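Participant: If you use my numbering, the sequence shown corresponds to residues 1 to 882, in order.
Hints may be right or wrong, so weigh each one.
As the list claims (entries may be wrong) - Here are the computed lysine to aspartate or glutamate pairs in the DMTMM-like style, where the Cα-Cα straight-line distance is at most 25 Å:
| # | residue 1 | residue 2 |
| --- | --- | --- |
| 1 | Lys129 | Asp148 |
| 2 | Lys686 | Asp196 |
| 3 | Lys782 | Glu811 |
| 4 | Lys259 | Glu293 |
| 5 | Lys259 | Glu156 |
| 6 | Lys686 | Glu199 |
Said to hold, decoys possible - Pairwise CB distance ranges (calculated):
| # | residue 1 | residue 2 | range |
| --- | --- | --- | --- |
| 7 | Glu501 | Ala477 | 35 to 41 Å |
| 8 | Thr800 | Asp190 | 33 to 39 Å |
| 9 | Gly839 | Ser216 | 57 to 63 Å |
| 10 | Gln502 | Asp190 | 55 to 61 Å |
No wet-lab data here; the hints were simulated from the structure.
From a predicted model like this one, the values you see are computed outputs, not experimental measurements.
Even for Gly, the Cβ is constructed at its ideal location relative to N, Cα and C.
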Amino acid sequence: MGSRRVCRIGALASLPMVLGVLVVVAPSRPGEAAPSLPEGFVLRDTPTGQGPYNLTDFTYLPDGSVLTAGKNGQVTWVPAGGTPTEIARLATDVTGDLGLVGLAAARDFASTGHVYVVRSIPQASPPWKLRLSRFTVRGGATPAALGDESVLLEVESDASMHAMTTVVPASDGTLWLSVGDLQFNTFQPDVLKAMDLDEPAGKLLRITPSGAGVSSNPYYDPARPRSWRSRVYASGFRSPFRFSLSPNTGTPVLGDVGKRSWEELDLVAPGHNYKWPCWEGPEKTPGYSDLAECRNVVNTPPLWSYRHGSGPAEGNSVVAGTTYTGSSYPARYRGAFFFGDYTGRKLWTLRYDAVGKLVSPPENPPFAMDIGAPVAFGAATNGDIVYADLGSGSLRRLSYTPGNRAPVAQADTSTDPSTRTVTFDGSPSVDFDGDALVYAWTFGDGEEAVGASATHTYARPGDRFEVTLTVTDPFGASDTVSFVVAPSNHSPVLTLSTPQEQTFAVAEQVTAAATARDEEDGALQVRWNSAVLHCAEAATCHLHPGAEGTGSAWSEPFPDHADSSLQLTATVQDSAGVTAKQTYLARPRQHLLRLVSDVPAVLEIPGLSGGTSALVTEGLTVDVTAAEVAQDGVARFAGWADGVSNRTRTFSMGAGDLTLEAIYVTPIGRRYADDPALRSLLGAPKGPEVAEGRVRYRVYQRGRLYWSAATGVREVHGPILAKYLSAGGHAALGVPITDRRPSAGRNGEGGYNDFAKDASIYWKPSTGARAIGGQVRTAWRKVGAERGVLGYPITDHRRTRDGRGRFAHFENRGSVYWSGSTGAHAVHGPIWRKWSAMGRERSVLGYPTSGVRKVPGGQRSRFERGVIRWYSNSGGVVVRRQ
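Construct the entire structure; sequences and hints are all you get.
Facilitator: This is how it looks when you write it as structure tokens:
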């Protein structure tokens with residue numbers, strides 16, 4: 001089939017289902033346009049057993065089969081190329097956006113059978129109960145039921161939308177879970193809970209398989225591991241409907257569905273607040289942004305955002321997808337992040353670099369349009385992008401056909417001479433792209449059959465017939481194999497003896513033996529051939545032919561070849577030309593290699609997965625590498641936790657699982673480690689570093705360290721820190737540009753910090769901590785700051801009552817006042833007392849236009865509408881209006 005061929009809906013009824021797959025690019029529903037795709041790409045629909053508008057999520061199992069979830073609680077199993085079967089119907093409340101909306105197989109599914117399910121539980125009345133559970137799939141290789149529910153956590157919601165939606169198991173055994181703001185679309189102050197660390201609403205959670213917080217989470221509390229704060233990884237989301245983890249760094253890439261104007265994709269950093277409801281995309285949110293809680297909130301920019309609308313670059317409901325990790329798509333799509341828009345029926349790709357910066361924005365027009373209604377994304381065993389189409393209830397697989405490889409046809413036979421019946425088995429045939437195959441047999445006597453296996457009785461005379469098996473993949477690529485059968489001849493009997501061990505380390509000897517007898521010919525000679533079966537990706541395999549020979553046994557060392565098994569094949573042929581063949585597959589003895597880091601960073605196992613984890617054959621030589629700079633663009637590689645200092649290291653995989661931790665040190669971490677006095681002052685860290693835009697900080701028991709590229713690392717602690725945070729922190733005052741410095745006051749007590757936005761906070765026990773900045777601070781410092789005539793500030797830098805200016809009061813009976821028309825000036829002493837008695841800036845004199853100046857015998861200050869003079873010999877004050 002050509003890559004752009006379209007089968008219209010009206011014709012679908014006459015097309016047969018081919019092993020559960022229709023090889024067409026078709027609209028999801030009658031009247032809809034056919035998908036528009038780049039040349040060479042096709043969409044293949046797979047039935048799921050879920051009806052239209054019921055399919056919500058899906059998960060691939062290790063054998064390539066799929067479990068699907070329906071909004072109504074239905075769970076189906078879809079074998080590769082087979083017919084869907086319902087295996088469970090879970091009790092579920094389907095009100096509004098609720099239902100069974102999340103499903104994921106555990107990373108250790110092959111040994112545990114565990115799957116994770118997100119659904120709403122029926123209640124007599126609101127609030128609605130949202131639940132994350134773990135189930136065990138029963139039935140072994142043929143799933144038949146879900147059982148043994150274990151509830152991991154529950155959330156109550158007053159709204160039937162913006163709920164708990166997606167669960168993603170990570171390679172380290174932890175679970176990631178998204179929870180919306182649990183609110184309706186109307187204006188609700190409760191939406192602010194999305195930024196409250198003690199509430200589950202509006203959060204991305206990271207938990208253990210038992211439901212507790214993970215100890216490396218930003219706000220983890222060892223005393224309360226099951227608190228919401230301990231579970232929170234990031235906050236400030238509206239409707240984080242879908243997300244996935246970056247294959248190289250494990251960083252969540254999350255789609256936050258907007259309300260008024262914007263959809264956004266976020267590359268989520270630990271401890272980040274993504275500021276809903278104060279911000280939506282790149283703009284402040286009308287209504288909410290005026291609330292006091294949003295006044296000093298600075299936006300955390302999304303990785304990408306797009307406006308609401310129907311234009312090519314617009315949409316109304318973002319659905320975060322997944323990163324393409326396969327090799328069959330054109331090179332420009334390898335490593336690209338695919339995502340869609342549910343209501344816009346669109347598909348885009350984008351790229352971001354190792355430090356999380358967008359390097360290739362989405363296409364305009366989109367990669368694909370009219371693709372159905374995507375609600376969840378995943379990847380097939382060969383990496384092909386797959387999504388759940390809510391509108392049709394089908395899984396739609398995006399494949400690139402020019403790279404399709406033809407299958408290889410192979411067959412085994414057995415003969416019953418007494419009835420002249422031959423049994424054929426085509427299951428040894430392989431498709432290196434992992435596609436389902438169609439089998440067609442011609443038996444050499446005019447008869448034909450289809451199916452992976454067939455049985456045929458030869459009625460007409462003849463001792464030899466040439467049989468042909470043709471196997472065809474869904475894209476029309478095919479292969480044939482022909483061989484001879486002799487219906488009246490006994491087939492050779494080949495007996496293969498294999499090693500007791502089933503898995504092997506590199507260089508371990510693999511030995512197989514075989515004997516063969518034939519009813520007519522007696523003992524037969526066994527021919528051997530070997531091959532290395534290399535599978536760089538699941539279901540994407542190829543053979544490397546090896547040695548050949550004859551004899552009763554064959555022995556070879558297990559290959560030093562990544563992702564490979566050793567295939568030993570014994571073949572015999574009798575005098576009638578009938579063959580028998582058996583193959584032994586020696587599999588690798590593998591152990592899990594995991595790369596982790598103390599901060600998100602690009603870690604790779606280049607020769608294997610290219611990601612952060614891989615199953616590695618025991619004894620295999622492995623290279624691993626860590627990026628020089630972490631994903632935050634700040635922390636630098638400092639070494640591996642086991643003492644190796646080189647970023648790239650080579651070693652032989654041992655006899656057990658191995659975790660290698662890359663250690664990165666930020667400027668904050670470096671200063672803390674190198675300064676014992678600072679460690680004593682601040683105490684132990686209370687969480688990991690938090691990055692907000694270009695500012696980074698870390699919280700310690702008794703203070704904080706802040707960093708920016710322009711200012712370096714500076715500490716703030718004690719009452720000054722408390723005042724700094726209450727005044728809006730770095731969003732309002734800027735980052736500190738000094739450590740806390742000792743005061744130069746007359747008694748040597750107190751201290752201060754300066755901040756980047758032309759501000760300072762001064763403190764001493766008798767005055768408390770006061771924030772002062774701008775021209776008021778400049779004027780105060782001109783008269784000696786805390787050492788001068790005014791002393792310490794006793795108020796923060798404030799707005800005057802008439803709104804024209806700013807002021808601060810000081811301990812030695814003085815003030816600094818500023819307005820745009822007069823500038824900033826210090827007034828103190830008797831002149832200040834007189835002016836204060838008159839009402840200061842609200843008096844008939846107005847704002848000062850000069851500071852206190854010496855004049856013969858006294859002092860003088862000028863004001864907008866007058867002058868105050870004071871004479872030391874008389875102690876009097878003269879006020880003169882101009």
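Participant: Work down the list of hints and note, for each, if the structure agrees.
Facilitator: Cross-check of the supplied hints:
1. Taking the CA atoms of lysine 129 and aspartate 148, the gap is about 20 Å. The hint holds against a cut of 25 Å.
2. At roughly 18 Å between alpha-carbon atoms, lysine 686 and aspartate 196 fall within 25 Å of each other, so this suggested pair holds.
3. The straight-line distance between the Cα atoms of lysine 782 and glutamate 811 is roughly 17 Å, inside the 25 Å bound, and the hint therefore holds.
4. About 19 Å separates the Cα atoms of lysine 259 and glutamate 293, which keeps this hinted pair within 25 Å; it holds.
5. This hinted pair checks out: lysine 259 and glutamate 156 have alpha carbons roughly 22 Å apart, not beyond 25 Å.
6. A distance of roughly 19 Å separates the Cα atoms of lysine 686 and glutamate 199; the hinted pair therefore holds under the 25 Å criterion.
7. For the pair glutamate 501 and alanine 477, the supplied restraint of 35 to 41 Å holds, since their beta-carbon distance comes to about 37 Å.
8. Checked against the given bound of 33 to 39 Å, the beta carbons of threonine 800 and aspartate 190, roughly 36 Å apart, stay inside it.
9. Remark: the range hint 57 to 63 Å for glycine 839 to serine 216 is upheld by a beta-carbon distance near 58 Å.
10. Restraint check, glutamine 502 to aspartate 190: a C-beta distance of roughly 58 Å satisfies the suggested window 55 to 61 Å.
Every hint from the earlier list agrees with this structure, and none is contradicted.
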